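For the sequence shown, this note's numbering assigns the number 1 to the initial residue and increments by one for each residue that follows.
Read the hints as simulated data drawn from the structure, not as lab findings.
In this text, all values refer to a predicted model and were calculated from it rather than measured experimentally.
Wrong hints could be hidden among the right ones.
Claimed, not checked - Computed list of lysine to aspartate or glutamate pairs in DMTMM-like fashion (alpha-carbon distance at most 25 Å, straight line):
#: 1; residue 1: Lys125; residue 2: Glu213
#: 2; residue 1: Lys212; residue 2: Glu59
#: 3; residue 1: Lys212; residue 2: Glu40
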Amino acid sequence: MAKKKKFAVVLAGCGVYDGSEIHEATMTLYAIVRNGGEYEVFAPDIPQHHVLNHITGEEMDEARNVLVESARIARGNIKKLDDLRAEDFDAIIFPGGFGVAKNLSKFAFDGPDCSVDAGVEHVVKDMVKNGKPIGALCIAPAVMAKILDKPVLTIGQDEGTAQALESMGAIHKKTGHGETIVDPRYRLVTTPCYMLDADIVQIHEGADAVVKELMKLM
1 MAKKKKFAVV LAGCGVYDGS EIHEATMTLY AIVRNGGEYE VFAPDIPQHH
51 VLNHITGEEM DEARNVLVES ARIARGNIKK LDDLRAEDFD AIIFPGGFGV
101 AKNLSKFAFD GPDCSVDAGV EHVVKDMVKN GKPIGALCIA PAVMAKILDK
151 PVLTIGQDEG TAQALESMGA IHKKTGHGET IVDPRYRLVT TPCYMLDADI
201 VQIHEGADAV VKELMKLM
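Let the hints inform the model, and build the full structure from the sequences given.
Structure follows, in structure tokens:
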């Protein structure tokens, strides 16, 4: 029996406006298993930038931890990002959500001048060094644009965001629902998901397409 391909999935909290986008995260996990793979979930053990009320959009007067919040999606089966080793996995995937741009990086606040969490930068570069494929959904390609040198990627069709990524050196390609862009240099696969006006079925199609492309690159 062939050994299952193993994916590391990196989360940024729980909830679209201040953490990982739950549909994208869940559909990524589903797509991995549906395509015959297996996964482990990771998140940085850092304070969440802020907490938003997802009904009103207003900021709440409380503090949360990215690892603890991400554990909600992982059903408690999660590890610290510092424990992730590229040699233990066949690929890595970053679902989207504002947490990617607020917790894993500061792209939401500083745009092209943003910083990236040191742990995130380390694991991405470690995966590249080991020739392991990388998947990024929704806004997560912005992190790749900051870390990697001139990656080819997509966030869909939003011109403002695309221009910000291009100012960081990325080469942006427009895409629609379920479409992917593959950069063979980095074995990087990206798809827009909720960067487009999407429904949950289209989110599944995007996540599934990324997983399939990553498996081809293994």
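Consistency of the hints with the structure:
| no. | hint | verdict |
| --- | --- | --- |
| 1 | Lys125 to Glu213 | 20 Å, holds |
| 2 | Lys212 to Glu59 | 38 Å, violated |
| 3 | Lys212 to Glu40 | 18 Å, holds |
Hint compliance for this structure: hint 2 is the single one not met.
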